[in-house]
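Please work from the sequences and hints to get the whole structure.
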Amino acid sequence: MRGPQRPGPSADGNLPLELTAFVGRSAELGALSRALESGRLVTVTGAGGVGKSRLAARAAAGAAPRDGVWRVELASVRDPEFVDHAVVEALGLTDHTTRLPRETLLDQLAGRRILLLLDGFEHLVDACAGLVVELLRRLPDLTVLAVGRRPLGVAGERLFPLAPLGEDEAVRLFAERAGRQGLDVRDCAEVREVCRRLEGIPLAVELAAGRLRALSPGQLLERLDDRFRLLTGGGQDVLPRHRALRTAIGWSHELCTPAERLLWARLSVFAQAFDLEAAEYVCSGDGLAAEDVLDVLAELLAQSVVCREDTRSGVRYRMLDTVRAYGAHWLTATGDAGRLRRRHRDWYMGLATWCELEWFSPRQAGVAARVEAELPNLRAALEHCLTEPDEAHLGQCLAGSLWFCWAGCGRLSEGRRWLERSLELDSEYPQSRLKALWVLGYVAILQGDAVPALAALQECREEAELLGDPTAVAYAEHRTGCLALVTDDMARAETLLRSALDRYQEIGELNSNVLMAQVELAMARAFLGDPADAVRLCEDVRRVCEDHGERWARSYALYVLAYAAWQDGDHAAARELLADCLGHAHGFRDLLGSVLSIELLALVTVAQGDPAEAAVLQGAAGRMWPSVGLPLFGSAYYNAPHELCEATARRALGDERYTECVRQGELLDREAAVARALEYFGVRPPEAVPVPREPVGRHRDGADMRKPAASPTRKGGETTG
Numbered sequence: 043m044r045g046p047q048r049p050g051p052s053a054d055g056n057l058p059l060e061l062t063a064f065v066g067r068s069a070e071l072g073a074l075s076r077a078l079e080s081g082r083l084v085t086v087t088g089a090g091g092v093g094k095s096r097l098a099a100r101a102a103a104g105a106a107p108r109d110g111v112w113r114v115e116l117a118s119v120r121d122p123e124f125v126d127h128a129v130v131e132a133l134g135l136t137d138h139t140t141r142l143p144r145e146t147l148l149d150q151l152a153g154r155r156i157l158l159l160l161d162g163f164e165h166l167v168d169a170c171a172g173l174v175v176e177l178l179r180r181l182p183d184l185t186v187l188a189v190g191r192r193p194l195g196v197a198g199e200r201l202f203p204l205a206p207l208g209e210d211e212a213v214r215l216f217a218e219r220a221g222r223q224g225l226d227v228r229d230c231a232e233v234r235e236v237c238r239r240l241e242g243i244p245l246a247v248e249l250a251a252g253r254l255r256a257l258s259p260g261q262l263l264e265r266l267d268d269r270f271r272l273l274t275g276g277g278q279d280v281l282p283r284h285r286a287l288r289t290a291i292g293w294s295h296e297l298c299t300p301a302e303r304l305l306w307a308r309l310s311v312f313a314q315a316f317d318l319e320a321a322e323y324v325c326s327g328d329g330l331a332a333e334d335v336l337d338v339l340a341e342l343l344a345q346s347v348v349c350r351e352d353t354r355s356g357v358r359y360r361m362l363d364t365v366r367a368y369g370a371h372w373l374t375a376t377g378d379a380g381r382l383r384r385r386h387r388d389w390y391m392g393l394a395t396w397c398e399l400e401w402f403s404p405r406q407a408g409v410a411a412r413v414e415a416e417l418p419n420l421r422a423a424l425e426h427c428l429t430e431p432d433e434a435h436l437g438q439c440l441a442g443s444l445w446f447c448w449a450g451c452g453r454l455s456e457g458r459r460w461l462e463r464s465l466e467l468d469s470e471y472p473q474s475r476l477k478a479l480w481v482l483g484y485v486a487i488l489q490g491d492a493v494p495a496l497a498a499l500q501e502c503r504e505e506a507e508l509l510g511d512p513t514a515v516a517y518a519e520h521r522t523g524c525l526a527l528v529t530d531d532m533a534r535a536e537t538l539l540r541s542a543l544d545r546y547q548e549i550g551e552l553n554s555n556v557l558m559a560q561v562e563l564a565m566a567r568a569f570l571g572d573p574a575d576a577v578r579l580c581e582d583v584r585r586v587c588e589d590h591g592e593r594w595a596r597s598y599a600l601y602v603l604a605y606a607a608w609q610d611g612d613h614a615a616a617r618e619l620l621a622d623c624l625g626h627a628h629g630f631r632d633l634l635g636s637v638l639s640i641e642l643l644a645l646v647t648v649a650q651g652d653p654a655e656a657a658v659l660q661g662a663a664g665r666m667w668p669s670v671g672l673p674l675f676g677s678a679y680y681n682a683p684h685e686l687c688e689a690t691a692r693r694a695l696g697d698e699r700y701t702e703c704v705r706q707g708e709l710l711d712r713e714a715a716v717a718r719a720l721e722y723f724g725v726r727p728p729e730a731v732p733v734p735r736e737p738v739g740r741h742r743d744g745a746d747m748r749k750p751a752a753s754p755t756r757k758g759g760e761t762t763g
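Under our numbering, read the sequence shown as residues 43 to 763, first letter to last.
There's no promise every hint is true.
As the list claims (entries may be wrong) - Computed Cβ-Cβ distance ranges for the label pairs, DEER-style:
| id | residue 1 | residue 2 | range |
| --- | --- | --- | --- |
| 1 | Gly-550 | Arg-585 | 37 to 47 Å |
| 2 | Gly-510 | Arg-578 | 26 to 36 Å |
| 3 | Pro-203 | Asp-168 | 43 to 53 Å |
| 4 | Glu-721 | Pro-203 | 45 to 55 Å |
| 5 | Glu-333 | Gly-380 | 20 to 30 Å |
| 6 | Arg-255 | Ala-367 | 41 to 51 Å |
No wet-lab data here; the hints were simulated from the structure.
None of these values were measured; they are calculated from a predicted model.
Ideal placement from N, C-alpha and C gives every residue a C-beta, glycine not left out.
Pasting the structure below:
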């Protein structure tokens, strides 16, 4: 399991309600903290906008369990099947095998003292309840803090119903929100009456305070009086809290300009956060010009309808779920929801196509960070494609275009699910199906699932030959050669990989996949006893990668070069190459590249005279392999260096000391293992997801990405098939 990237749930600003002030609630915060100390499952319930997420975030941040606090945001998850995937993703767990994500959770969380914060589960109660029950039963050190509008309804659940703010606290929140706009609002009868009318619901109070630039507290009260009278038919009874919130949101909506109401509705198509360029493309047109979106968005920010986040991938925006739901209602009422969802799909199809092209460029690290940030919206686009009539080919194209995300950034299990779903549907566009097939074959190979991999690749090749598609034939042949490599059929691997490389050259294809084919051929040559040819092939790959700023395929080339250097007795060179390789593989969350590097580092370490450290590294690698698949692919060729390292270390240490060192390594999680391996060689570990050096949406030459790509491009762009 990864160590927590965020020791508390708000460390990187990923909680929307953390963006506004936390006023009052000291008694509730103390009570919730005590509940977490005495109970393993606590559920904070309450109406929308009452501050559940904010309070839970504060309590979780103060809990400080030994192995961290992890927040899972479930509001954007629509399919119950993806609840487990969402938890795996939020915890940063990487598993390349065919295991179900729940099995991954149970395995990698065993023995960990963790607080898991599940936020926004009310539309997924059954799926979440089943997950929580099993996790709590199997993981005795786990505590769950759930946040929703209703209970999970499971045995042992301790409910924590959250009431609105008291009057004094609501007034303080109102004044604080006014102060953020440079306004000095004093405690007076009109302010108190506004807060009473809004039932002390924090979101309602903040929305009202957001209007103080244009209205005085007295004018606010007058307008609220009119609004409440309208909803209650003139009655004087106290309104239910849900109606107070609806009133505040609806009243704020009515006070918006037509352009603000239009943008509010259209922004509801986004799943979680979005950036300005996406909003300008998706939400413009039919009454709202793209160049006006920024100004209108700024007004919605000022009114607390939209929140701003400063993230690792740049400035992003989001609407709270209650506000988004109100906007979605109005979008449906306008009859424009279908068109907006198609524009959303088009933007993220274009983004995926651009990211796929830019994966083979100096912006590769930025692409990894951008895709991680955009996963909720990419998933929404995939879901749209796979549930709308006549759009199966777009789903296949999108799932295939994200191959670099599934294979290069540690999301094989999720990628396989999307690919398989897309291929279950009929498509009139065979090229998109061919691409999904070879990507599925590639993903299955990396998961160690040879039979489905071979079936997908054979189907891809047969259909491609019938259609006369040389690009898909090349990719199918390449991946079949990769399968032969990891199943010890070196002669066949060499034949297929050479043929695939010839095909790539004939069609003018050059990208990370092509370079990986050359690396795989080099590995086959090294295993067949020709390390000089392997070095020649990988030096060529390294040169091309450095010319194009590519780092992912380069890391595998460095692995082969390190293997050749070890065979040649140049242990210092092998160590330097492997440190570089491991740093980049880990940075991309490429678990296979990481564990292969650690295995070879162990061999180099024992060759340099430190058998104890070599045994520790072998133990660390042994812990990682179950999340990758069959250790060293079950390959005699890949296993030979491992066996040599073990035999050498055992001879030097003796069986008892060797076993002790291996067990020491088995205690290291992935983060700790990589850190130890790199620090041993004096290298600082990189961040788990690389941070872009520049905005990903704009090229260095000034060209921007405001418009999505109309269709995939083939030459040199990994959008083949």
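Outcome of the hint check:
As the Cβ distance of Gly-550 to Arg-585 is approximately 19 Å, the hint placing it in 37 to 47 Å is violated. One distance hint, 26 to 36 Å for the beta-carbon pair Gly-510 and Arg-578, holds here, with the actual separation near 34 Å. At roughly 21 Å, the beta carbons of Pro-203 and Asp-168 sit outside the given window of 43 to 53 Å. Separated by about 48 Å at the C-beta atoms, Glu-721 and Pro-203 satisfy the suggested range of 45 to 55 Å.
A beta carbon spacing of about 25 Å between Glu-333 and Gly-380 agrees with the range 20 to 30 Å that was offered as a hint. As the Cβ distance of Arg-255 to Ala-367 is approximately 26 Å, the hint placing it in 41 to 51 Å is violated.
Violated hints, in rising order: 1, 3 and 6; the structure is consistent with all others.
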